[in-house]
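Chemist: One line per chain: the protein sequences are A and B, in this order.
Take the first sequence: its position 73, counting from 1, is numbered 73 in my numbering, and each next residue is one higher.
Each position in the second sequence, counted from 1, maps to that position plus 1000 in my numbering.
There's no promise every hint is true.
The list that follows gives simulated cross-link-like pairs (lysine to any residue, SDA-like), each with its CA atoms no further than 25 Å apart [to be verified]:
#1 A:Lys233 x A:Glu195
#2 A:Lys205 x B:Leu1090
#3 B:Lys1030 x A:Asp19
#4 A:Lys205 x B:Arg1089
#5 A:Lys115 x B:Arg1012
#6 B:Lys1030 x B:Val1100
#7 B:Lys1080 x A:Val17
#8 B:Lys1030 x A:Val17
Just so you know, the hints here were simulated from the structure itself, not pulled from any lab data.
The structure presented is a predicted model; accordingly, all values stated were derived computationally and were not measured.
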Amino acid sequence: MAQVAKRKGGTVAMAEVVDVRARVLAANEEAAARLRKTFSESGALVLNLISSPGSGKTTLLEATVRALGGRLRLAGIEGDIATERDADRLRALGIPAVQILTGGACHLDARQVRKVVDEAHFPGFDILFIENVGNLICPTSYDLGEDFKVALLSVTEGDDKPFKYPAIFARAEVTVVTKVDLLPYVSFDLAAVREQLAALNPTGKVVLTSARTGEGIPGWCTLLEQRLAVKRKAMA
Amino acid sequence: MHELSIAQEIYRTSRAAVAAHGPGHLERVKVAVGELTAIEPDLLTFAWEALTGGGPDAGSVLDVEWHPARQFCAACNADKPRAQGTWLRLCPDCGQTLQVTGGQELDVLQVAFLPDGAGGETEGGNGRDG
């Protein structure tokens, strides 16, 4: 420990200097690592869904539950600033769902998720969907113990978003372009979006869906089932 | 505003570092922030001021050491320049995937504090001890 003389008023105080070298997000990362271990032991696939508000995260989950609910045990954790609406929508389809109200915070933290997982007494599940607070920026920095992040981009948001919010599109293993049934009515250059995504995230996957018409939902569900199978196989 | 929650984590870590050495007040906290963390240094220092203001550590300084992003192309065997604000992972020269070699730092490096009872406490005019 070093000491640095500091003049304060008429006297000299000694400031102590300590080297810390600690990750700022260490507490979140520890909680995320514990969650990841819990999820691995139970063989559950966990997704962290991130997008701007209104891009259709909950609607995609509803379509997913309708398509996969009979075959797989699904569960949801819904992050929002206010209201239980999203958890209610999933419960209405018969799957266990817990709402985390962040009270103003713009992202979910692994410690909040751990508390829910510890206390929720979820029955065993195959896939857990963690729907983050609608925000393309802040949730990107917080690992929640997920297997992978999924970014959603609705065609009504505009085709410039990957380059404008590069962090999430660079880190999401899968980008789901939603509301593609609206493509004939909006100026959305899908090829340009694919190019941006390829430049930001050369190994990322792009899936096109419309929860309204059902287009792309089977492919999305197949991707989930394949990822679950890969995880289970790695455990065995 | 995730800078505020980041500032809270920095504050918690800094306080713990001080507490390990006994009671004291924070003077200066040095952090490393990488460009790819999407943390804005100015917003982080504003958050720090808002967080510590009015408390025992009011007036302490958050010193941000900025680490620009660095990307390396294995095919060209060279660091590749990166335009401000882009996150492109493809080499502008050969098109191969770039490797990120810097800019993901987010660490508390060093904490400077004034131990209670160190010289200067006698004047009692700093209003920090309540």
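Chemist: None of the hints should be skipped; say for each whether it holds.
Modeler: Taking the hints in turn, this is what the structure says about them:
no.	hint	verdict
1	A:Lys233 x A:Glu195	violated, 33 Å
2	A:Lys205 x B:Leu1090	holds, 16 Å
3	B:Lys1030 x A:Asp19	holds, 9 Å
4	A:Lys205 x B:Arg1089	holds, 15 Å
5	A:Lys115 x B:Arg1012	holds, 20 Å
6	B:Lys1030 x B:Val1100	holds, 24 Å
7	B:Lys1080 x A:Val17	violated, 37 Å
8	B:Lys1030 x A:Val17	holds, 10 Å
Hints 1, 7 from the list above are not met by this structure, while the remaining hints are.
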